[in-house]
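Visitor: In the order they appear, the protein sequences are chains A and B.
Using my numbering, the letters of the first sequence map in sequence onto residues 1 to 100.
Using my numbering, the letters of the second sequence map in sequence onto residues 101 to 416.
Incorrect hints may appear among the rest.
[Stated by the list, open to error] List time: in silico EDC-like cross-link candidates among lysine to aspartate or glutamate, alpha-carbon distance up to 20 Å:
id, chain 1, residue 1, chain 2, residue 2
1, B, Lys256, A, Glu10
2, B, Lys113, A, Asp82
3, A, Lys63, A, Asp36
4, B, Lys361, B, Asp322
5, B, Lys372, B, Glu383
6, B, Lys204, B, Asp194
7, B, Lys407, A, Asp46
8, B, Lys372, B, Asp198
9, A, Lys63, B, Glu121
10, B, Lys413, A, Asp36
11, B, Lys372, B, Glu390
12, A, Lys27, A, Asp74
13, B, Lys204, B, Asp322
14, B, Lys165, A, Glu96
15, A, Lys63, B, Asp124
16, B, Lys113, A, Asp36
17, B, Lys116, A, Asp36
18, B, Lys349, B, Glu390
19, B, Lys346, B, Glu334
20, B, Lys386, A, Glu61
21, B, Lys327, B, Asp347
22, B, Lys405, A, Asp46
23, B, Lys407, A, Asp36
24, B, Lys361, B, Glu380
25, B, Lys407, A, Glu10
26, A, Lys27, B, Glu334
27, B, Lys108, A, Asp69
28, B, Lys412, A, Asp69
Think of the hints as simulated: they come from the structure by calculation, not from any bench.
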Amino acid sequence: MSQQTVNKAEWPLWEVFIRSKAGLDHKHAGSLHAADAQMAMENARDVYTRRMEGVSIWVVESKYVHASDPGEADSMYEPANDKIYRHPTFYDLPDELKHM
Amino acid sequence: MTVQSFEKGFNDKLDKELTIEPRDWMPDDYRKTLIRQISQHAHSEIVGMLPEGNWITRAPSLRRKAVLLAKVQDEGGHGLYLYSAAETLGITRDEMFDQLHTGKAKYSSIFNYPTTTWADMGAIGWLVDGAAIMNQVPLCRTSYGPYARAMVRVCKEESFHQRQGFEIMLTLAKGTEQQKKMAQDALNRWWWPSIMMFGPADDNSPNSEMSMRYRIKRFTNDELRQKFVDVTVEQTRILGLEVPDKDLKWNEERGHYDYGKINWDEFWAVVKGNGPCNKERLEARKTAWENGAWVRDAAMAHSQKRKERSSKKEAA
Chain A
1 MSQQTVNKAE WPLWEVFIRS KAGLDHKHAG SLHAADAQMA MENARDVYTR
51 RMEGVSIWVV ESKYVHASDP GEADSMYEPA NDKIYRHPTF YDLPDELKHM
Chain B
101 MTVQSFEKGF NDKLDKELTI EPRDWMPDDY RKTLIRQISQ HAHSEIVGML
151 PEGNWITRAP SLRRKAVLLA KVQDEGGHGL YLYSAAETLG ITRDEMFDQL
201 HTGKAKYSSI FNYPTTTWAD MGAIGWLVDG AAIMNQVPLC RTSYGPYARA
251 MVRVCKEESF HQRQGFEIML TLAKGTEQQK KMAQDALNRW WWPSIMMFGP
301 ADDNSPNSEM SMRYRIKRFT NDELRQKFVD VTVEQTRILG LEVPDKDLKW
351 NEERGHYDYG KINWDEFWAV VKGNGPCNKE RLEARKTAWE NGAWVRDAAM
401 AHSQKRKERS SKKEAA
């Protein structure tokens, strides 16, 4: 790509993840455009945390996110479908059993 | 899979009230309708910053100024949430700006009216944001996931916009005779444009039927307009002001207020570009975009240069 076309291009798209308070996971908040990571961070603060919504921000350029194909969801999650014995409620135990 | 089976999957999701997500199959007209609606919604937020921006430097107190600044900043943020929601449908940000600047995409006509006195800041917050909230709350359950999530965020933030507007109106209405007059004058000028914000009447709204079928819209224009009139008339009483509609009357049988005839000629004239401020608003947006071009280019060039420098360092 020539310098010219790079300059005429849109700023890349970034995905923003925010930790709303200490101890919680970062959660996807939305996306924005920025020329580089530092600008993405500052824009994320201005766009997604105007009301103290976060204590920590991650930004990732959207092109690095790989997503599963919704068309393949059935086969993708099928292996877990018939394994209800992975849940504690599957087991039939007497009511008087305590602390378990 | 055939197109029919894709379409069935899509319709099943709509029937089950499940959201449609960016990578899901969707019919072309669903995609097109959403791009049109979301981008026009985004444009409305951005153009909507202009009439209020007009008063930031002339707000009557530091408190009012800080509040107005925060509100206008929120609107910028809302525009950004919405632009990124639209981008998930395959249109670029620059394409949307281009559609705005060339007049291909519309924005809410309400922003083509001038803000001539400070009371307009009150009337806009109370009526214009009030009407917007009425429209936006059902959109939190719209069928397209990214749009619905953006609207949840917008609605949470919007509530203060309306409250601060009502507070301005209340202060003026309880003030001197001159202030009260100013408040009434603002209500007179913003009432009809506000109730036009819900769009054409149901029997004359070409996009409504499809939008309802796709669960993009959950209520018709007239249903929302009626709801707005009903709650707003009651609020006007608290202000001690008068709604500028001599046909406004409580209808016991319907359980709603009847209201006068809307001037649809005015509505269409403003939509078509002949409102009091259409030219000025569009000009302001275009100028900002063109004058900002060198900044956008410089930021990209800077980022590019830094990338090249760091990859050279790694190679060495």
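Visitor: Next, verify each hint and record whether it holds.
Guide: Taking the hints in turn, this is what the structure says about them:
1. Only pairs whose Cα atoms come within 20 Å are accepted, and Lys256 of chain B paired with Glu10 of chain A is rejected, the gap being roughly 30 Å.
2. A threshold of 20 Å between alpha carbons decides the hint, and for Lys113 of chain B with Asp82 of chain A the separation of about 23 Å lies outside it, so the pair is violated.
3. Note on Lys63 of chain A and Asp36 of chain A: the hinted pairing holds, with a Cα-Cα distance of about 13 Å set against a maximum of 20 Å.
4. For the given pair, Lys361 of chain B sits about 13 Å from Asp322 of chain B by alpha-carbon distance, which is consistent with the 20 Å threshold.
5. For the suggested pair Lys372 of chain B and Glu383 of chain B, the alpha carbons sit about 16 Å apart, so the restraint of at most 20 Å is met.
6. Annotation: proposed proximity of Lys204 of chain B to Asp194 of chain B holds, straight-line Cα distance about 13 Å (limit 20 Å).
7. For the hint pairing Lys407 of chain B with Asp46 of chain A, the CA-to-CA distance comes to about 25 Å; that exceeds 20 Å, so the pair is violated.
8. Of the pairs offered as hints, the one joining Lys372 of chain B and Asp198 of chain B holds, with about 18 Å between alpha carbons and a cut-off of 20 Å not exceeded.
9. Of the supplied pair hints, the one linking Lys63 of chain A and Glu121 of chain B holds, its CA atoms being roughly 18 Å apart against a limit of 20 Å.
10. Using a Cα cut-off of 20 Å, the hinted pair Lys413 of chain B and Asp36 of chain A holds, with the two alpha carbons roughly 19 Å apart.
11. Restraint check for Lys372 of chain B and Glu390 of chain B: not satisfied, since their Cα atoms lie roughly 24 Å apart, outside the 20 Å limit.
12. Among the hinted pairs, Lys27 of chain A with Asp74 of chain A is inconsistent with the structure: their alpha-carbon atoms are about 25 Å apart, more than 20 Å.
13. Annotation: proposed proximity of Lys204 of chain B to Asp322 of chain B is violated, straight-line Cα distance about 26 Å (limit 20 Å).
14. Note on Lys165 of chain B and Glu96 of chain A: the hinted pairing is violated, with a Cα-Cα distance of about 66 Å set against a maximum of 20 Å.
15. With a CA separation close to 19 Å, the supplied pair Lys63 of chain A and Asp124 of chain B stays within the 20 Å bound.
16. Simply put, Lys113 of chain B and Asp36 of chain A have alpha-carbon atoms about 38 Å apart, too far for the 20 Å limit, and the pair is violated.
17. A distance of roughly 41 Å separates the Cα atoms of Lys116 of chain B and Asp36 of chain A; the hinted pair therefore is violated under the 20 Å criterion.
18. Annotation: proposed proximity of Lys349 of chain B to Glu390 of chain B is violated, straight-line Cα distance about 50 Å (limit 20 Å).
19. With a C-alpha separation of about 16 Å, the suggested pairing of Lys346 of chain B with Glu334 of chain B holds against the 20 Å cut-off.
20. A distance of roughly 28 Å separates the Cα atoms of Lys386 of chain B and Glu61 of chain A; the hinted pair therefore is violated under the 20 Å criterion.
21. This hinted pair checks out: Lys327 of chain B and Asp347 of chain B have alpha carbons roughly 17 Å apart, not beyond 20 Å.
22. Between Lys405 of chain B and Asp46 of chain A, the direct Cα distance comes to roughly 26 Å. Violation of the 20 Å bound is thereby established for this hinted pair.
23. With a CA separation close to 10 Å, the supplied pair Lys407 of chain B and Asp36 of chain A stays within the 20 Å bound.
24. For a cut-off of 20 Å, the pair hint linking Lys361 of chain B to Glu380 of chain B is broken: about 29 Å separates their Cα positions.
25. Of the pairs offered as hints, the one joining Lys407 of chain B and Glu10 of chain A holds, with about 17 Å between alpha carbons and a cut-off of 20 Å not exceeded.
26. Restraint check for Lys27 of chain A and Glu334 of chain B: the C-alpha separation of about 41 Å exceeds 20 Å, so the hint is violated.
27. Using a Cα cut-off of 20 Å, the hinted pair Lys108 of chain B and Asp69 of chain A holds, with the two alpha carbons roughly 18 Å apart.
28. Simply put, Lys412 of chain B and Asp69 of chain A have alpha-carbon atoms about 37 Å apart, too far for the 20 Å limit, and the pair is violated.
Comparing the model with each numbered hint stated earlier shows that hints 1, 2, 7, 11, 12, 13, 14, 16, 17, 18, 20, 22, 24, 26 and 28 do not hold.
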